[in-house]
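**Student:** Sequence:
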Amino acid sequence: MTQFQTGELTIGDYTFKAQYIPFDVRREVCGAYHLIKADSYRGNYFFSFYNEDNEEQSAKIFEYAIKDDRLTPVEEYNIDGSDALSIDRNGILYVLETFDVYCYDLNSSDPEEPGDALDYWGRCYSSKDRDLTVLYRTNSAPVLVQDGEYTELTLEGDNEIGPFYSMSSLNLSGDELLTVGELESNGDDYFAAFDLDGNELARSSQPVGSFNAVMMKRPNGYLLDTGYMWELYAPDGTFLEKSFPVGERETLCQLCGDFCIFDVFLPLEENAFLAVGHHGKATEPDEPVVFRITTDF
Numbered sequence: 412m413t414q415f416q417t418g419e420l421t422i423g424d425y426t427f428k429a430q431y432i433p434f435d436v437r438r439e440v441c442g443a444y445h446l447i448k449a450d451s452y453r454g455n456y457f458f459s460f461y462n463e464d465n466e467e468q469s470a471k472i473f474e475y476a477i478k479d480d481r482l483t484p485v486e487e488y489n490i491d492g493s494d495a496l497s498i499d500r501n502g503i504l505y506v507l508e509t510f511d512v513y514c515y516d517l518n519s520s521d522p523e524e525p526g527d528a529l530d531y532w533g534r535c536y537s538s539k540d541r542d543l544t545v546l547y548r549t550n551s552a553p554v555l556v557q558d559g560e561y562t563e564l565t566l567e568g569d570n571e572i573g574p575f576y577s578m579s580s581l582n583l584s585g586d587e588l589l590t591v592g593e594l595e596s597n598g599d600d601y602f603a604a605f606d607l608d609g610n611e612l613a614r615s616s617q618p619v620g621s622f623n624a625v626m627m628k629r630p631n632g633y634l635l636d637t638g639y640m641w642e643l644y645a646p647d648g649t650f651l652e653k654s655f656p657v658g659e660r661e662t663l664c665q666l667c668g669d670f671c672i673f674d675v676f677l678p679l680e681e682n683a684f685l686a687v688g689h690h691g692k693a694t695e696p697d698e699p700v701v702f703r704i705t706t707d708f
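Counted the way my numbering counts, the sequence shown spans residues 412 to 708.
Keep in mind the hints are simulated off the structure, nothing from the lab. C-beta atoms are modelled at their ideal positions from N, C-alpha and C, and glycine is treated no differently. Incorrect hints may have been included.
Pairs of lysine-lysine residues, derived as BS3-like cross-links and limited to a Cα-Cα distance of at most 27 Å, are as follows [to be verified]:
1. K653 - K428
2. K478 - K428
3. K478 - K539
4. K653 - K478
Computed Cβ-Cβ distance ranges for the label pairs, DEER-style [what the hints assert, rightly or not]:
5. R541 - P484: 25 to 35 Å
6. S596 - S519: 40 to 50 Å
7. Q430 - N455: 29 to 39 Å
8. F670 - E611: 28 to 38 Å
The whole structure should be built from the sequences, with the hints applied where relevant.
**Tutor:** Structure (structure tokens):
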């Protein structure tokens, strides 16, 4: 297991400090590699892994708790969440399996028994504040799932998908939908935030660094991970600052001790969040990584 020498990183007027949280990874998932899927419920954290070295082993979902500054296993579920997973505030686990989304009740006597497939499919994002889950497929309008009803959300704008000709990334953060897409065909990618009625709240004042972004609403604006770089935007979308790319000073390597690929941000307190991803070298299997990030942003 890699030992990360974490530190601090200043981006513009804001400071980020990282604490590495080691994984007690179960033996059967050592060597696991794929885009990490993760969410939280009841103060614990749920991750999807599979073993790349064993083609017959499907993915499983593992529940972890943070104890003594380590992620320690609590439970495992024979549920494949490698395509997408999210958990709503009632403990309903949404899992994308190929082209169907199934629901599992983590509070039932048999949490591994799925309900019927939903009428829509896509990556899943569940609210922790209300009974709401968002389903999203690339270049499609997001679908809101509430009380068993489905609503295809129309985003504000005059293009194919709201303001976008194409939309490649979406996250649900608090009560906002954070998106990245092209404003015109074969153009640059921009960030935009919407409320749950589809009204535009913010749009980036300049193109973002990648069409594929991990995004989070923060007290002072929006944080975007665009691949080895973090970008900061004000509440109205005005660009503030970004970390430097690989090979320059003030990079994410200074924060985390090595270059990691982040797949999801999970909220904690107002001044902290978890950055979840994976780390690896060409000669070694990737390993899941989690950092507690404390920041004044």
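**Student:** Against the structure shown, which of the earlier numbered hints fail to hold, in ascending order?
**Tutor:** 4 and 7
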